[in-house]
Amino acid sequence: MKDSCSSISQLLERYFDRQATDEERSLVERHLPVCQTCHERLRVLEGLRKAIKAPVDEALKEETFPWVWEKIERGIRLEKKPSWQESFRSWLDLSPLSRKKVWIPAVAIAIVLALVTSPLLFKKTPSYSERSVVEYVESGVYNVMVYESEKAKVTVIWLFEGPQNESPAS
Amino acid sequence: MALRGTAKRISGFIKKLALFLFPVFILSLALPSMAPAQVQTRLRVIEASNVGSTIDPSLRDLHGQLGSLFRYTSYRLLRDERLNLSSNQPASIPVHEGRSIEITQVGLQANLVELRVRIRRDGTDLLNTQVRLSPGRTVLIGGPKHGEGVVILALSANF
Numbered sequence: 001m002k003d004s005c006s007s008i009s010q011l012l013e014r015y016f017d018r019q020a021t022d023e024e025r026s027l028v029e030r031h032l033p034v035c036q037t038c039h040e041r042l043r044v045l046e047g048l049r050k051a052i053k054a055p056v057d058e059a060l061k062e063e064t065f066p067w068v069w070e071k072i073e074r075g076i077r078l079e080k081k082p083s084w085q086e087s088f089r090s091w092l093d094l095s096p097l098s099r100k101k102v103w104i105p106a107v108a109i110a111i112v113l114a115l116v117t118s119p120l121l122f123k124k125t126p127s128y129s130e131r132s133v134v135e136y137v138e139s140g141v142y143n144v145m146v147y148e149s150e151k152a153k154v155t156v157i158w159l160f161e162g163p164q165n166e167s168p169a170s
Numbered sequence: 001m002a003l004r005g006t007a008k009r010i011s012g013f014i015k016k017l018a019l020f021l022f023p024v025f026i027l028s029l030a031l032p033s034m035a036p037a038q039v040q041t042r043l044r045v046i047e048a049s050n051v052g053s054t055i056d057p058s059l060r061d062l063h064g065q066l067g068s069l070f071r072y073t074s075y076r077l078l079r080d081e082r083l084n085l086s087s088n089q090p091a092s093i094p095v096h097e098g099r100s101i102e103i104t105q106v107g108l109q110a111n112l113v114e115l116r117v118r119i120r121r122d123g124t125d126l127l128n129t130q131v132r133l134s135p136g137r138t139v140l141i142g143g144p145k146h147g148e149g150v151v152i153l154a155l156s157a158n159f
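Chains as they are written, first to last, in our numbering: chain A, 1 to 170; chain B, 1 to 159.
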């Protein structure tokens with residue numbers, strides 16, 4: 001009985017912590033009614049647990065743990081933000097398009113279109129104020145005066161008869 | 001499975017879209033070169049003098065410009081020619097006293113035509129010039145004596 005009590009006392013804490021196997025539990029439960037010492041020891045363990053648990057439970061009821069949430073929020077804030085390349089890559093990974101890699105020809109098309117259209121979009125048509133109406137004027141017979149009026153939208157090329165003019169026919 | 005089907009459909013749509021868009025953009029590139037090849041040019045030969053005070057009714061649109069630029073009292077229309085000029089195809093109009101005016105369209109942009117104007121007599125250039133005209137703009141070439149006054153050429157283009 002003593003050997004049995006000694007072996008049970010080793011199992012008693014496991015039984016109390018509900019960590020005993022079915023076989024060990026049935027062994028302890030068969031022993032406890034017949035062993036006052038072990039029974040008393042189990043009661044001490046239960047009393048000890050109650051003595052520890054009661055104030056902890058009371059404190060838990062009153063505590064809202066704000067510091068825990070603060071710590072979590074701080075952790076979220078401190079978490080490293082992904083770079084735009086990582087975000088883009090993750091977007092591509094999430095996209096069903098990436099599975100077929102169809103975005104490759106799509107991006108290629110977009111680049112080609114941008115290259116093709118950009119000269120047209122940014123082509124600057126010169127205004128008349130930037131460019132002269134008369135590109136050149138030459139005469140071996142007349143002296144020439146050019147007058148341009150932007151307001152009247154008229155350009156005058158006036159020919160003066162010089163010393164070497166075209167007479168006598170004119 | 002559903003995702004794979006969606007991706008396949010999207011891939012097919014993009015391929016079709018690309019097939020449609022490429023010709024459209026190639027066409028849009030070609031559009032500037034498909035601008036109207038012909039330009040309607042109007043050439044008016046005017047005699048300006050101080051004999052009388054007659055303004056030809058067909059010069060009414062030019063009256064303001066002529067009046068603000070010159071001090072002639074009379075403007076008489078000698079000739080009014082409308083020419084459809086093709087690129088690099090010179091058009092020659094005989095005018096007074098053995099002279100002729102040769103006009104050639106040498107360039108055309110969206111709102112600008114480049115014209116080369118040569119006034120010739122007996123195969124000799126009296127004047128050689130190149131001008132850029134936009135719709136509504138007039139180039140006046142004047143000075144040579146004619147009768148009691150001078151001759152003025154009014155050149156404009158519509159396109």
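Hints should not be assumed to be uniformly reliable.
Stated by the list, open to error - Pairs of lysine to any residue, SDA-like flavour, derived with a Cα cap of 25 Å:
(1) B:K145 x A:L113
(2) A:K151 x A:G140
(3) A:K153 x B:L83
(4) B:K16 x A:K50
(5) A:K151 x B:E102
(6) A:K153 x B:K16
(7) B:K16 x A:V112
(8) B:K16 x A:L113
(9) A:K151 x B:K16
(10) A:K151 x B:R71
(11) A:K50 x A:Q10
(12) A:K153 x B:Q40
(13) B:K145 x B:E97
(14) A:K153 x B:E102
(15) B:K145 x B:Y72
(16) A:K153 x B:E97
(17) B:K16 x A:Q10
What the hints assert, rightly or not - So these bits of chain A aren't anywhere near chain B, every CB distance computed over 10 Å:
(18) Q36
(19) V56
(20) P105
Stated by the list, open to error - Beyond 12 Å from chain A on every Cβ pair, some chain B residues (computed):
(21) A18
(22) A37
(23) R42
(24) S49
(25) V51
(26) R60
(27) Q65
(28) L78
(29) R79
(30) L83
(31) N84
(32) S87
(33) P90
(34) N128
(35) S156
Treat the hints as calculated values from the structure; they're not laboratory data.
Backbone N, C-alpha and C fix where the C-beta goes; we use that ideal spot for every residue, glycine too.
A quick look at each hint next to the structure:
For the given pair, B:K145 sits about 58 Å from A:L113 by alpha-carbon distance, which is inconsistent with the 25 Å threshold. For the suggested pair A:K151 and A:G140, the alpha carbons sit about 31 Å apart, so the restraint of at most 25 Å is broken. With a CA separation close to 21 Å, the supplied pair A:K153 and B:L83 stays within the 25 Å bound. Simply put, B:K16 and A:K50 have alpha-carbon atoms about 76 Å apart, too far for the 25 Å limit, and the pair is violated.
At most 25 Å may separate the alpha-carbon atoms for a hinted pair to count; A:K151 and B:E102 exceed this at roughly 28 Å. Only pairs whose Cα atoms come within 25 Å are accepted, and A:K153 paired with B:K16 is rejected, the gap being roughly 49 Å. Using a Cα cut-off of 25 Å, the hinted pair B:K16 and A:V112 holds, with the two alpha carbons roughly 16 Å apart. As the CA atoms of B:K16 and A:L113 are separated by approximately 15 Å, the hinted pair is consistent with the 25 Å bound.
Only pairs whose Cα atoms come within 25 Å are accepted, and A:K151 paired with B:K16 is rejected, the gap being roughly 52 Å. With a C-alpha separation of about 19 Å, the suggested pair A:K151 and B:R71 falls inside the 25 Å cut-off, and the hint holds. Under the criterion of a C-alpha separation no larger than 25 Å, the hint pairing A:K50 with A:Q10 is consistent with the structure, at around 21 Å. Annotation: proposed proximity of A:K153 to B:Q40 holds, straight-line Cα distance about 18 Å (limit 25 Å).
The hinted pair formed by B:K145 and B:E97 meets the criterion: a straight-line CA distance of about 11 Å does not exceed 25 Å. Taking the CA atoms of A:K153 and B:E102, the gap is near 23 Å; set against the 25 Å cutoff, the hint holds. About 13 Å separates the Cα atoms of B:K145 and B:Y72, which keeps this hinted pair within 25 Å; it holds. At most 25 Å may separate the alpha-carbon atoms for a hinted pair to count; A:K153 and B:E97 exceed this at roughly 30 Å.
Restraint check: the Cα-Cα separation between B:K16 and A:Q10 comes to about 79 Å, which exceeds 25 Å; the hinted pair is violated. The claim that A:Q36 is not at the interface with chain B holds, since no C-beta of that chain comes within 10 Å of its own (minimum 69 Å). For A:V56, the requirement that its beta carbon stay farther than 10 Å from each beta carbon of chain B is met, with the minimum near 50 Å. With 10 Å as the threshold on Cβ separation, the claim that A:P105 sits away from chain B is violated: the shortest Cβ distance comes to roughly 7 Å.
Separation of B:A18 from chain A is inadequate, the least Cβ-Cβ distance of about 5 Å not exceeding the 12 Å criterion. For B:A37, the requirement that its beta carbon stay farther than 12 Å from each beta carbon of chain A is met, with the minimum near 19 Å. With a minimum CB-CB distance of about 14 Å to chain A, B:R42 clears the 12 Å threshold, and the non-interface call stands. Here B:S49 stays apart from chain A, with its beta-carbon at least about 15 Å from theirs, past the 12 Å limit.
At the 12 Å boundary, the C-beta of B:V51 stays outside the reach of chain A, the nearest C-beta of that chain being 18 Å off. The claim that B:R60 is not at the interface with chain A holds, since no C-beta of that chain comes within 12 Å of its own (minimum 15 Å). At roughly 5 Å, the least C-beta separation between B:Q65 and chain A is not larger than 12 Å, which violates its mark as non-interface. At the 12 Å boundary, the C-beta of B:L78 stays outside the reach of chain A, the nearest C-beta of that chain being 15 Å off.
Distance check for B:R79 against chain A: the nearest CB is about 17 Å away, which clears 12 Å, and the non-interface claim stands. Against chain A, the non-interface label of B:L83 holds: every CB pair exceeds 12 Å, the least being about 19 Å. The non-interface label for B:N84 is consistent with chain A: the shortest C-beta to C-beta separation is roughly 22 Å, beyond 12 Å. Non-interface status of B:S87 relative to chain A is upheld: no Cβ of that chain comes within 12 Å, the nearest being about 16 Å off.
Under the 12 Å C-beta cut-off, the non-interface status given to B:P90 relative to chain A holds; the minimum distance is some 17 Å. Interface exclusion of B:N128 from chain A breaks down, the closest Cβ pair being 5 Å apart, not more than 12 Å. With a cut of 12 Å on Cβ distances, B:S156 falls inside the contact zone with chain A, its closest approach being about 10 Å.
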